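Asks: So you can see what is in the structure, the chains are spelled out below.
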Amino acid sequence: MDWKRFGFIALIITLLIGTVVYVGQTRQTPILIITSMLATTIAVATPLTLGALSGVYCERAGVVNIGIEGMMLTSAFFGWLGGIYMFQIFHMAAGVSIMFGVFFAIITGGLMALLLAALSITFKVDQIIGGTVINILAVGLTGFLNRQLFFGKGSVFGGNVPSSPGVLPTIHVPITEIFASLCGSSATCLENVQAINRVFDQKPIAISAILLVFISHYILFNTRWGLRTRAVGEHPRAADTVGINVIKMRYANVIIGGMFAGLAGAYFTIESVPSFEPLLTNGRGFISLAAMIFGNWTPIGAWAAALVFGASQALLINMQIFRDVIPPQLAFLQESYIVGLTPYILTMIILTGIIGKTTPPAADGVAYEK
Amino acid sequence: MTENNNILSDEIVLEARGITKQFPGVLANDNINFDLRKGEIHALLGENGAGKSTLMNLIYGLHNPDKGEILVNGKPTAINSPIDSIKLGIGMVHQHFMLIPVFTVAENIMLGDETVKNGMLDQKAVAAKITQISSQYGLEVDPTALVGQLPVGTQQRVEIVKTLYRDAKIVILDEPTAVLTPQEADDLFRIMRDLTARGVSIIFITHKLKEVLAIADRITVMRAGRTVGTVLPKDTTSEKLATMMVGREVNLVIIKKQAVPKEPMLTVTDLHVNDVRDYPAVRGVSFEVRAGEVLGIAGVQGNGQTELAEALSGLRPTKKGHVLLAGKDITNKTPRVITQAGLANIPEDRQQHGLILSYSIGDNMALCDYYHQPFSKRGVMQPKALDENAQKLIKAFDVRTPSAFVSAGKLSGGNQQKVIVARELSRSVKLILASQPTRGLDVGSIEYIHGEIIKMRDRDVAVLLISAELDEILALSDRIAVMYRGQIVAIVDTKKTTREQLGLWMAGAHVQTPQ
Numbered sequence: 001m002d003w004k005r006f007g008f009i010a011l012i013i014t015l016l017i018g019t020v021v022y023v024g025q026t027r028q029t030p031i032l033i034i035t036s037m038l039a040t041t042i043a044v045a046t047p048l049t050l051g052a053l054s055g056v057y058c059e060r061a062g063v064v065n066i067g068i069e070g071m072m073l074t075s076a077f078f079g080w081l082g083g084i085y086m087f088q089i090f091h092m093a094a095g096v097s098i099m100f101g102v103f104f105a106i107i108t109g110g111l112m113a114l115l116l117a118a119l120s121i122t123f124k125v126d127q128i129i130g131g132t133v134i135n136i137l138a139v140g141l142t143g144f145l146n147r148q149l150f151f152g153k154g155s156v157f158g159g160n161v162p163s164s165p166g167v168l169p170t171i172h173v174p175i176t177e178i179f180a181s182l183c184g185s186s187a188t189c190l191e192n193v194q195a196i197n198r199v200f201d202q203k204p205i206a207i208s209a210i211l212l213v214f215i216s217h218y219i220l221f222n223t224r225w226g227l228r229t230r231a232v233g234e235h236p237r238a239a240d241t242v243g244i245n246v247i248k249m250r251y252a253n254v255i256i257g258g259m260f261a262g263l264a265g266a267y268f269t270i271e272s273v274p275s276f277e278p279l280l281t282n283g284r285g286f287i288s289l290a291a292m293i294f295g296n297w298t299p300i301g302a303w304a305a306a307l308v309f310g311a312s313q314a315l316l317i318n319m320q321i322f323r324d325v326i327p328p329q330l331a332f333l334q335e336s337y338i339v340g341l342t343p344y345i346l347t348m349i350i351l352t353g354i355i356g357k358t359t360p361p362a363a364d365g366v367a368y369e370k
Numbered sequence: 001m002t003e004n005n006n007i008l009s010d011e012i013v014l015e016a017r018g019i020t021k022q023f024p025g026v027l028a029n030d031n032i033n034f035d036l037r038k039g040e041i042h043a044l045l046g047e048n049g050a051g052k053s054t055l056m057n058l059i060y061g062l063h064n065p066d067k068g069e070i071l072v073n074g075k076p077t078a079i080n081s082p083i084d085s086i087k088l089g090i091g092m093v094h095q096h097f098m099l100i101p102v103f104t105v106a107e108n109i110m111l112g113d114e115t116v117k118n119g120m121l122d123q124k125a126v127a128a129k130i131t132q133i134s135s136q137y138g139l140e141v142d143p144t145a146l147v148g149q150l151p152v153g154t155q156q157r158v159e160i161v162k163t164l165y166r167d168a169k170i171v172i173l174d175e176p177t178a179v180l181t182p183q184e185a186d187d188l189f190r191i192m193r194d195l196t197a198r199g200v201s202i203i204f205i206t207h208k209l210k211e212v213l214a215i216a217d218r219i220t221v222m223r224a225g226r227t228v229g230t231v232l233p234k235d236t237t238s239e240k241l242a243t244m245m246v247g248r249e250v251n252l253v254i255i256k257k258q259a260v261p262k263e264p265m266l267t268v269t270d271l272h273v274n275d276v277r278d279y280p281a282v283r284g285v286s287f288e289v290r291a292g293e294v295l296g297i298a299g300v301q302g303n304g305q306t307e308l309a310e311a312l313s314g315l316r317p318t319k320k321g322h323v324l325l326a327g328k329d330i331t332n333k334t335p336r337v338i339t340q341a342g343l344a345n346i347p348e349d350r351q352q353h354g355l356i357l358s359y360s361i362g363d364n365m366a367l368c369d370y371y372h373q374p375f376s377k378r379g380v381m382q383p384k385a386l387d388e389n390a391q392k393l394i395k396a397f398d399v400r401t402p403s404a405f406v407s408a409g410k411l412s413g414g415n416q417q418k419v420i421v422a423r424e425l426s427r428s429v430k431l432i433l434a435s436q437p438t439r440g441l442d443v444g445s446i447e448y449i450h451g452e453i454i455k456m457r458d459r460d461v462a463v464l465l466i467s468a469e470l471d472e473i474l475a476l477s478d479r480i481a482v483m484y485r486g487q488i489v490a491i492v493d494t495k496k497t498t499r500e501q502l503g504l505w506m507a508g509a510h511v512q513t514p515q
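If you read the sequences in order, they're chains S and Z.
Residue 262 in the numbering used here sits at position 262 of the first sequence, with consecutive numbering throughout.
Residue 397 in the numbering used here sits at position 397 of the second sequence, with consecutive numbering throughout.
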């Protein structure tokens, strides 16, 4: 990661937050807006971060994964369904059912990845086509099951979507409790501390995603597993000649990548909103890929890039909140379809490579033949 | 190279008995017997496709033999994967290096045999061990350097250290000199001697006869999947070895008449060309080639020869300077204009730039002329004309193929090159630009292609030969230009120079340019 890239990321995030601060200044103090933007950015960047990590594991091992979108969608569905089953059929406690839901989502991601691995590693199918198969399969499978299980006559749940066990709780980081005493009797000071606290009060998957970024970075660049993973993605034959099992390493990494996409899927239906609708991932798997590329196939870089996309989504959300106070000279910001374009425009700018070229692993997308 | 008078040890460290390996359609190894003694350099000589690499891949565990057994230190062993062979103390330096350019030297060397401390790669311990091996065997490498930024000779040293790092006692070197300058090759031979003096045994695979005679203790020759015989260097000659390799007598020395240069055909003036990354690669080159002479451009690969050839054939823009072909300015013209002006181009990478591998031989043979009569009439291809042309050329240029409809990708390297040569030389041409025309070819094909080039020279065609093989340059050229870092550092008459002198120029030793 070069400084030009990090500088660009910082600039865009500052710009997006600055816009909201400017628009919302008549209603709220800048610190409240900044902290709420940051909190939202981190939360909504979660699936992008996990999706990008999914891509990093697969592609560092030499398998292109454009099926992240489909893996997320399938996992979101089965995670949600698993939670409901545990809750409604097995009458488990809500918390336990939710945990099972997350577990099912991760397993689903792993299984979808196993399919991609089999197609691209064993059967040497073109990896772009393999990923497309995953994406199409995901749309069809989740749409079909969703209808068969929950809607219309004769569906398993008789046309009523049963109530789900709910969503994962926010984990409170006691910043206010620790620092409140420093404020003395100043009410504004306390308010600011509380506002800052909100940035850190995130849900479990969001927190895991950030931890996993650093863990993955460490694994990839400082451990034996990481060295071997990168070796099979750069020059599988060289790895083979020193006794590394290329096929096994690739399978393992693709499945791990799938499990990351699975956790990203869980974010949608178990952490964010307790419901499923067809196509709910809405292109986020593909934006994850852009983040991965912009992050030059490194976990930390990919996370930074995911935050840019998170910030642009936070912009969209905040523009709706501040819709009625948008100053007339910025009237275009009222149109959500214009603001909603931001992540996609950013994706295009980033992929043109004008912010510096990135280099994929040398054997990325190439099946290994002895 | 000094004669090696060591008395050979009798201890056999590696023995292959009755090895047979069948690939679809090819019997790659047919009942091979081979043995390696402790501390010897045993050369394995043979043409491409003779089965040398297959035998080594079997010994190294990349493939498994159908029949036969391999004994290491007298014990029969099952080598099923490289892990097994590494454990038995066998190391291999592959022709195409098995190094990862974006990894450091230390990472490349430890890969697969990592030292781990607290779950983390122990870079320090690895670097220390590498340094120790470096000083012990005189193989200098910097553990922290990125492999991709090292020169080829150094990368090869990294590969050798990699085998020693795994305590290899038997080292297989697959065509190790193919990528080296004469001086680097001498350095490698010194290293090989050092290794054998320390009890390491070396299998040296090559098709270069001179090297074998200079360095090997014993020589085994392979042809068409069988061993032809094992001889001692003192009992044989280049000619005898070549006959064993090819199975018939071969002219190693090209018999050619004195050249009779006529008018200048190609005139290059102060040419500047940038490489793929837009850095200057050719920096102010001027020379001329006359009708009826061969000008050889010698130089280590990567000194601007590729860019020069691409600029001359219209594939790469020139930044400055002029190129005249038969009096016509072809600077920055399209390949078609240049071809029509009389250029025959035998490109460096025959599979990438010389052929369309998925097209048939017949179609490939018409690639320069397909767009006009007789191959095409009013925009419609004429299969009959294409076929007649193909039949004629296949016969005239001795292309070994079942039919003209076979796709070019299915042919052997030698026959692919013959298809290109047939297409280019069958037209009326004024200049032949031949880049590495015999790279990777067997002795028989080399002999044939060299003969064709000289035949064209004698018909008053100008020939510009670019080659990294000094032997080829010396054998064919009437004059030799040496390229170093994008410039021509010397142009000499072939008769007035020596191998050693050229080697020095190629390595950048600037000497007064003799005229």
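Quick caveat, the hints were computed from the structure, so don't treat them as lab data.
Each hint should be verified, as a subset may be incorrect.
[As the list claims (entries may be wrong)] Listed next, the stretches of chain Z that the computed footprint assigns to chain S, with coverage defined by at least 3 CB atoms under 8 Å from CB atoms of chain S:
1. 86 to 95
2. 100 to 107
3. 112 to 118
All of these numbers come straight from a predicted model, not from anything done at the bench.
Yeah, the Cβ is synthetic: ideal placement off N, Cα and C, and Gly gets one too.
Asks: A separate judgement is required for each hint: does it hold in the structure or not?
Replies: Hint check:
Judged by the Cβ-Cβ criterion of 8 Å, the region 86 to 95 of chain Z is covered by chain S as claimed, because 3 of its residues qualify and three suffice. With 5 residues having a beta carbon nearer than 8 Å to a beta carbon of chain S, the region 100 to 107 of chain Z meets the requirement of three or more and the stated coverage holds. Using a Cβ-Cβ cut-off of 8 Å, 4 residues of the region 112 to 118 of chain Z lie near chain S, which meets the minimum of three, so the contact claim holds.
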